[in-house]
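Peer 1: Chain residues, written in single-letter form:
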Amino acid sequence: MPDGEPNSQSTFEKIFKAYFGLLERPVKFVRENVVEPARLNKENHYYHRRYRRIPGVDECEIGDEICFYEVNKQFKRDKMVDGEVLNILRQRKVECGVYYGEDKKKYCEKEFKDYEEAAANFFQKYGDLGAGGNVIDAYMKQKHRLIWERRHGPVGSGMKATE
Amino acid sequence: MSGLSVLRSASMGSKMLQAPLSRIILTPAARETVLKASVRRMGGGHGRTMQKYPSKFDFTLLKDHLHFYVLLGVVPLGLYTMYINLTHGKPELKDIPEGYEPEYWEYFRHPISQKFAKWFHYSPEQIYEMKMHHIKIAQDSAKMALLQRKVEALMSQRGDYKAWYYMPINERRVWKAYEKEEDAYNRHNSGKFN
Chain A
154 MPDGEPNSQS
164 TFEKIFKAYF
174 GLLERPVKFV
184 RENVVEPARL
194 NKENHYYHRR
204 YRRIPGVDEC
214 EIGDEICFYE
224 VNKQFKRDKM
234 VDGEVLNILR
244 QRKVECGVYY
254 GEDKKKYCEK
264 EFKDYEEAAA
274 NFFQKYGDLG
284 AGGNVIDAYM
294 KQKHRLIWER
304 RHGPVGSGMK
314 ATE
Chain B
10 MSGLSVLRSA
20 SMGSKMLQAP
30 LSRIILTPAA
40 RETVLKASVR
50 RMGGGHGRTM
60 QKYPSKFDFT
70 LLKDHLHFYV
80 LLGVVPLGLY
90 TMYINLTHGK
100 PELKDIPEGY
110 EPEYWEYFRH
120 PISQKFAKWF
130 HYSPEQIYEM
140 KMHHIKIAQD
150 SAKMALLQRK
160 VEALMSQRGD
170 YKAWYYMPIN
180 ERRVWKAYEK
190 EEDAYNRHNS
200 GKFN
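Each protein sequence line maps, in turn, to chains A and B.
Residue numbering for the first sequence follows my numbering, starting at 154 and increasing by one per position.
Residue numbering for the second sequence follows my numbering, starting at 10 and increasing by one per position.
One should not assume that every hint holds.
Derived Cβ-Cβ restraints for the label pairs, each shown as a range [to be verified]: (1) B/135 - A/206: 28 to 36 Å; (2) A/194 - B/107: 21 to 29 Å; (3) A/278 - B/146: 47 to 55 Å; (4) B/91 - A/285: 20 to 28 Å.
Over 10 Å on every C-beta distance to chain B, these chain A residues come out as not near it, computed from the model [stated by the list, open to error]: (5) 191; (6) 198; (7) 294.
EDC-like mimics (lysine to aspartate or glutamate), calculated; alpha carbons at most 16 Å apart, straight line [to be verified]: (8) B/152 - A/217; (9) B/145 - A/177; (10) B/145 - A/218; (11) B/140 - A/217; (12) B/99 - A/189; (13) A/195 - B/190; (14) B/140 - A/196; (15) A/167 - A/177; (16) A/278 - A/248; (17) B/124 - A/196; (18) B/145 - A/302; (19) B/124 - B/112; (20) B/99 - A/196; (21) B/145 - A/196.
Please keep in mind that the hints were generated in silico from the structure rather than gathered at the bench.
Here a beta-carbon is modelled for each residue, glycine too, at the ideal position from N, C-alpha and C.
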């Protein structure tokens, strides 16, 4: 059947188009004559908000609640952003796995590695704090991890026996 | 209809419950009487009767309220939403131009969200500052309370300060009482009433 010729339509196609045109034609008419001219000169955009970074909780005075509030807000924002990044990576991993099925070990190595690394980093910073964990908890957790690493080497290498 | 009336009577208290219950409990003869008595013959014994119905007041009121609030809120908001969605397509993310500080509502995605943020809500910066202001007030009053407790504890511990204090009061009554007392004293000493 040659392409692009109107005569090449079969009878079935003609009937089909005439029938569904009952629905399609009015919709198309309104879209082209009402909606699109109305949208021509309308500003319709939004911006991405970027927050300025503030110093960490280690520079707050003890008992300075306002400083704590600001740093904690920044911490919660960071947590949300990192969580979203992790979500995207997880989604990529899952989609790749579903697409390749049995072959996912072969083709999705990068996605799996990225996700595992990001999840480990996320847990290293925010893990074990619970939903109400604040910035001081995270700071103390980091401090304890650094002390542990000074005594025993990097995390995952096992604890040295005490003499 | 009878099933509905039973349901209604169950929901409307014991007064309405009497009629259907009596139809179940009464003996056939009494039931006959009740049925006859419940139809009032409005004179003449012809076909003109006054039927008794359960109240339709609640249902009518419900319909009135639905009508009112739909016209008040749902219709204008629906029209506005339709207008905005027809005249604005999908919003697109743009980079902030050089040297331009966007207003706070320009970070919201949908035009309706932007309008609501602009017209009805505080800006996030303002909320942030207001929250910090409340924290500041709370922290100051806590500091003052701690200081006061410390001062009182030290005073009671050392006992070297009498803790004089001043209460600002209206002294007019004090002067009045003083004058009254003085008058009485003068009268007493003038010998008039002896």
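Peer 1: For a C-alpha distance cap of 16 Å, please report whether residue 99 of chain B and residue 196 of chain A respect it.
Peer 2: The given pair, whose Cα atoms are some 11 Å apart, holds under the 16 Å limit.
Peer 1: Regarding the assertion that residue 294 of chain A does not contact chain B, is the least Cβ-Cβ distance greater than 10 Å?
Peer 2: At roughly 25 Å from the nearest Cβ of chain B, residue 294 of chain A sits farther out than 10 Å, so the non-interface label holds.
Peer 1: Can you let me know if the beta-carbon spacing of residue 135 of chain B and residue 206 of chain A is within 28 to 36 Å?
Peer 2: About 21 Å separates the Cβ atoms of residue 135 of chain B and residue 206 of chain A, which means 28 to 36 Å is violated.
Peer 1: Taking the beta carbons of residue 194 of chain A and residue 107 of chain B, is their distance inside 21 to 29 Å?
Peer 2: At roughly 24 Å between Cβ atoms, residue 107 of chain B and residue 194 of chain A fall inside 21 to 29 Å, so the hint holds.
Peer 1: A range of 47 to 55 Å was offered for this pair. Does it hold for the Cβ distance of residue 278 of chain A and residue 146 of chain B?
Peer 2: violated, 33 Å
Peer 1: For the pair supplied as a hint, residue 145 of chain B and residue 302 of chain A, is the alpha-carbon distance within the 16 Å limit?
Peer 2: violated, 39 Å
Peer 1: For the pair supplied as a hint, residue 145 of chain B and residue 177 of chain A, is the alpha-carbon distance within the 16 Å limit?
Peer 2: violated, 62 Å
Peer 1: Quickly compare the C-alpha distance for residue 124 of chain B and residue 196 of chain A to 16 Å and report which way the hint goes.
Peer 2: The given pair, whose Cα atoms are some 13 Å apart, holds under the 16 Å limit.
Peer 1: Has the given pair, residue 278 of chain A with residue 248 of chain A, been kept, meaning a C-alpha gap of at most 16 Å?
Peer 2: Not OK: residue 278 of chain A and residue 248 of chain A at ~26 Å, beyond 16 Å, violated.
Peer 1: Measure nothing beyond the straight line between the CA atoms of residue 145 of chain B and residue 218 of chain A; if it is 16 Å or shorter, mark the hint as holding.
Peer 2: This hinted pair holds, its Cα atoms lying about 8 Å apart.
Peer 1: Going by Cβ atoms, does residue 191 of chain A stay more than 10 Å from chain B at every point?
Peer 2: Violated, because the least Cβ-Cβ distance between residue 191 of chain A and chain B comes to about 5 Å, which does not exceed 10 Å.
Peer 1: Holds or violated: residue 140 of chain B and residue 217 of chain A, Cα atoms, limit 16 Å.
Peer 2: Holds, at about 14 Å.
In this structure, the earlier hints numbered 1, 3, 4, 5, 6, 9, 13, 14, 16, 18, 21 are contradicted, and the remaining ones agree with it.
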